[in-house]
Amino acid sequence: MSGLEPLIADLAIILLVAGITTIICKKFKQPVILGYIIAGFITGHNFNFFPTVNSSSEINIWSEIGVIFLLFTLGLEFSFYKLKRVGGQAFIATFIIMSGTMALGYTCGLFLGWNVMNSLFLGSMLSMSSTAIIIKNFEDLKLKNKIFAELVVGILIIEDIAGILIIALLSTLAATQSAPNFWQIMTIVLRLVFFIVLWFVSGIYLVPTFFKKTQDIMNDETLLIVSIGLCLGMVVVVTNMGFSAALGAFMMGSFIAESPNIATITRLVQPVKDLFGAIFFVSVGMLVNPALLLEYAYPVICILLVTLFGKTFIALLGSILAGQNLNTSIKCSLSLLPIGEFSFIIAGIGMSYGVIENFQYPIIVAISAITIFIAPYFILSATLIYKKLQKILPIPILAWLNRYTDKRMDLESSSGDWQNLLKDYTLRSLILITFLTAIAFSSNTYLEMYMNTHLPHPYSNLVTALIGFVLMLPFLRALLLNRTAHPELFTVLWFKKRANHLPLIILLLVKLSIASYFIFYVFMELIETTAFNSILATAVAIYFISTSNWLMGKYLHIESRFLVNINDRHMEKYRKSLNIVNPEQSLMLFDEILHLTKFHVPAYSPLVGKTLIDLDVNNWFGCNIIQASDKKHFWDLPAGDYIIKGDTELLLIGTIEQFQLFSIAMEKGDNHLEQILLPMPMRQFMASDKTNPAATAFFPCAITVDDHSGLIGKSIRSANIRKKWHCLIIGIERSYSIDYNPNVNVVFEKDDLLWVLGKQKMINELVKAEIL
49 MSGLEPLIAD LAIILLVAGI TTIICKKFKQ PVILGYIIAG FITGHNFNFF
99 PTVNSSSEIN IWSEIGVIFL LFTLGLEFSF YKLKRVGGQA FIATFIIMSG
149 TMALGYTCGL FLGWNVMNSL FLGSMLSMSS TAIIIKNFED LKLKNKIFAE
199 LVVGILIIED IAGILIIALL STLAATQSAP NFWQIMTIVL RLVFFIVLWF
249 VSGIYLVPTF FKKTQDIMND ETLLIVSIGL CLGMVVVVTN MGFSAALGAF
299 MMGSFIAESP NIATITRLVQ PVKDLFGAIF FVSVGMLVNP ALLLEYAYPV
349 ICILLVTLFG KTFIALLGSI LAGQNLNTSI KCSLSLLPIG EFSFIIAGIG
399 MSYGVIENFQ YPIIVAISAI TIFIAPYFIL SATLIYKKLQ KILPIPILAW
449 LNRYTDKRMD LESSSGDWQN LLKDYTLRSL ILITFLTAIA FSSNTYLEMY
499 MNTHLPHPYS NLVTALIGFV LMLPFLRALL LNRTAHPELF TVLWFKKRAN
549 HLPLIILLLV KLSIASYFIF YVFMELIETT AFNSILATAV AIYFISTSNW
599 LMGKYLHIES RFLVNINDRH MEKYRKSLNI VNPEQSLMLF DEILHLTKFH
649 VPAYSPLVGK TLIDLDVNNW FGCNIIQASD KKHFWDLPAG DYIIKGDTEL
699 LLIGTIEQFQ LFSIAMEKGD NHLEQILLPM PMRQFMASDK TNPAATAFFP
749 CAITVDDHSG LIGKSIRSAN IRKKWHCLII GIERSYSIDY NPNVNVVFEK
799 DDLLWVLGKQ KMINELVKAE IL
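Residue 49 is where the sequence shown starts when you use the numbering used here, and the numbers rise one by one after that.
Keep in mind that the hints were calculated from the coordinates and are not lab data.
Yeah, the Cβ is synthetic: ideal placement off N, Cα and C, and Gly gets one too.
Among the hints, a few may not be true.
[To be verified] Cross-link-like lysine-lysine pairs, in silico, DSBU-like; alpha carbons within 30 Å at most:
#  : residue 1 : residue 2
1  : Lys809    : Lys798
2  : Lys771    : Lys680
3  : Lys132    : Lys762
4  : Lys693    : Lys771
5  : Lys680    : Lys807
6  : Lys77     : Lys436
7  : Lys762    : Lys260
8  : Lys772    : Lys680
9  : Lys772    : Lys658
10 : Lys471    : Lys545
11 : Lys544    : Lys190
12 : Lys658    : Lys545
13 : Lys190    : Lys435
14 : Lys321    : Lys77
15 : Lys807    : Lys658
16 : Lys693    : Lys658
17 : Lys74     : Lys321
18 : Lys646    : Lys693
19 : Lys544    : Lys716
20 : Lys471    : Lys544
21 : Lys559    : Lys471
22 : Lys75     : Lys190
23 : Lys772    : Lys716
24 : Lys798    : Lys646
25 : Lys798    : Lys771
[To be verified] Label pairs and their in silico Cβ distance ranges:
#  : residue 1 : residue 2 : range
26 : His648    : Asp755    : 19 to 25 Å
27 : Leu365    : Lys658    : 32 to 38 Å
28 : Asp755    : Tyr401    : 54 to 60 Å
29 : Ile704    : Val241    : 16 to 22 Å
30 : Val241    : Ala587    : 28 to 34 Å
31 : Met728    : Leu556    : 19 to 25 Å
When you get a sec, could you build the whole thing from the sequences and use the hints?
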């Protein structure tokens, strides 16, 4: 017990003093972080009028745990929909603000005579604003619902993500103990991107699924223990890979954030974070040294001026260039002044690796305390500053600012098809290449080493290659898709102009080349065949992989689980906002998305005599033909071998965007189709369809995939539901997410809810099969 006494005494002192200082700060409406820093200064060795802590090293360990929980809870609050919702303006503003402030801080450090590493850390610390302080200021000043506050919050979300990456990058650079060069930085960045993509996709796939499977057997106690265990486990993995503990804590928090238990987990972890977070900020305050600040008064004043005026000006410039008007930009720039928790973490990393001077941490703490204290007054002065600038600035400059803002807003609202396609192409290719690289590296390094100790050569190589190749197959199949995951983007660009054909073909050839390289690697490096045999085997493998519907189904199964995990929480909130509580009410969602329209095929159309397989509307456009009719007959859910006749009407189901693409393609191909029915929501069409009696009218129906249905593990193609039950699958509801007009290779899972469209014949077959 005696060994614990100094630590217990230290905790008693710092928590009691922190409690008193935070009460005082609350009384005077100051942030509690300021109270913690003051408490740290009072209990530290630089203040001799009060009992001080005995063991700073043990307190530092607790403060490191505090950093882990601060970043873990930040991850728990993170949402990919938040990141998506902030929009392009916040991304542009954040990039300009962070890069500009970092460059300014770096230049300031060099001006003060500091070395490259000290200057780099200074720029990084000044580039980060304190999310906790700024949100607190908005709440106290009742500004949280203002337009400029929404932009500031968007910038802070992106800054937090960038801050995690900066911490990971600086930790790796600091470990080298030398000034970085360009290639060293690029190597670290590529390695960081590789592991983040690998961990992110794997984590989102596995962690929420684990919590869904176990939520019925977990109580509050086990939830807390498991969550903290996963957090610390990820910290260990990440640090062993050479990255910072903060990165691991944040990533695990973001994985758990997509689980169904997130509200409970956040509530349970909050007190733990409050305790260790308080100790972290107190430990920061302990480093404040008045004598040192007086000795380095000149650097303190220089850095303070750079922060107050330089950072504010860059934030103003970034907001304007992002498309905000002058009034909003001024309020935004003045709100982003405070620096805090991320700056302390970055300074702590520099101190722990010994790459920054001892005086730099107290300086940044002092700058933070000053900015925290004066930030509310800066925000309140924003309107006055705006009015004065309106009087001072020449009229031509004000007119230019207004014109620039209008142009930026127009640009923001018109996102090009090429931009969307390239974004989707790059993101998916990056994920697939990351997993293929990870499998290839693991097979060639760890798996081959293991096999060599258990099997003789060449059998060890063959088994290694076989396992690695099998693991690669679903990702290779996805990489060899003829188009992106959103075929409508490819289609609209293909049919819009002939000039688009070459770049689109190049994009496909790039993916083909990458897939070929990985397959060639398996035969050449793992099996160790000749180059000619490897090329021949690669060509054969490419053919079979690219035509395999089974492999496509396996990949879609993996992808759907990932998308369900990442979309579930958002879709659950969306359903609650629409008051959707049972499956029947899900039709409201279908009404928003799916519409029906009719096209007339004249006798002189080039489509006459072609089959529906030739038209391939589902593959090219994403919609489906549910009926073909002429003046005497109609064909419901026509099969692929149906031959299109002259003077025929085609009834299509899909989204408005898909119909627009279909119309563009038909017009560009001179097919002379005429749209005779404007797109109509599904239920509205069925209610107004007077051409069919009640017994032969289309209507939707829900089918649950259970053991009795015989669908579990089958794909839409292999289940042959259209022929078997005379219906078309228009959506698969999995958990809270819906896949509209799903790919025919999608594999059914237990408890899926299938939304099918058919007529009375469908009901008869479903009742006969005891499905309904």
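Hint check results:
A hinted pair counts as satisfied when its Cα atoms are at most 30 Å apart, and Lys809 with Lys798 qualifies at roughly 25 Å. Taken as a hint, the Lys771 and Lys680 pair is honoured in the structure, with Cα atoms around 23 Å apart against an allowance of 30 Å. Simply put, Lys132 and Lys762 have alpha-carbon atoms about 34 Å apart, too far for the 30 Å limit, and the pair is violated. With a CA separation close to 22 Å, the supplied pair Lys693 and Lys771 stays within the 30 Å bound.
Proposed proximity of Lys680 and Lys807 is supported: the alpha carbons are some 19 Å apart, at most 30 Å. Simply put, Lys77 and Lys436 have alpha-carbon atoms about 29 Å apart, close enough for the 30 Å limit, and the pair holds. Between Lys762 and Lys260, the direct Cα distance comes to roughly 23 Å. Compliance with the 30 Å bound is thereby established for this hinted pair. Restraint check for Lys772 and Lys680: satisfied, since their Cα atoms lie roughly 26 Å apart, inside the 30 Å limit.
For the hint linking Lys772 to Lys658, the alpha-carbon distance of about 25 Å falls within 30 Å, and the restraint holds. A threshold of 30 Å between alpha carbons decides the hint, and for Lys471 with Lys545 the separation of about 20 Å falls inside it, so the pair holds. For the suggested pair Lys544 and Lys190, the alpha carbons sit about 49 Å apart, so the restraint of at most 30 Å is broken. Annotation: proposed proximity of Lys658 to Lys545 holds, straight-line Cα distance about 24 Å (limit 30 Å).
For the hint pairing Lys190 with Lys435, the CA-to-CA distance comes to about 21 Å; that is within 30 Å, so the pair holds. Simply put, Lys321 and Lys77 have alpha-carbon atoms about 22 Å apart, close enough for the 30 Å limit, and the pair holds. For a cut-off of 30 Å, the pair hint linking Lys807 to Lys658 stands: about 26 Å separates their Cα positions. About 8 Å separates the Cα atoms of Lys693 and Lys658, which keeps this hinted pair within 30 Å; it holds.
A distance of roughly 19 Å separates the Cα atoms of Lys74 and Lys321; the hinted pair therefore holds under the 30 Å criterion. Straight-line distance between C-alpha atoms of Lys646 and Lys693 comes to about 15 Å, which keeps the hinted pair within the 30 Å bound. Simply put, Lys544 and Lys716 have alpha-carbon atoms about 8 Å apart, close enough for the 30 Å limit, and the pair holds. Taken as a hint, the Lys471 and Lys544 pair is honoured in the structure, with Cα atoms around 19 Å apart against an allowance of 30 Å.
With a CA separation close to 15 Å, the supplied pair Lys559 and Lys471 stays within the 30 Å bound. Distance hint between Lys75 and Lys190 is fulfilled; the C-alpha atoms sit about 18 Å from each other, no more than 30 Å. Proximity of Lys772 to Lys716 is assessed by CA-CA distance (about 37 Å); at most 30 Å being required, the pair is judged violated. At roughly 35 Å between alpha-carbon atoms, Lys798 and Lys646 are farther apart than 30 Å, so this suggested pair is violated.
With a CA separation close to 22 Å, the supplied pair Lys798 and Lys771 stays within the 30 Å bound. Judged by the Cβ atoms, the range 19 to 25 Å given for His648 and Asp755 is violated: they are separated by roughly 45 Å. A beta carbon spacing of about 58 Å between Leu365 and Lys658 contradicts the range 32 to 38 Å that was offered as a hint. For Asp755 and Tyr401, the hinted distance range of 54 to 60 Å is satisfied, since their beta carbons lie about 58 Å from each other.
Under the hint 16 to 22 Å, the C-beta atoms of Ile704 and Val241, about 37 Å apart, miss the expected range. Evaluation of the 28 to 34 Å hint for Val241 and Ala587 yields a pass: the beta carbon distance comes to about 31 Å. The given range of 19 to 25 Å is broken by Met728 and Leu556, whose C-beta atoms sit roughly 36 Å from each other.
The structure fails to meet hints 3, 11, 23, 24, 26, 27, 29, 31 from the earlier list, while all remaining hints are met.
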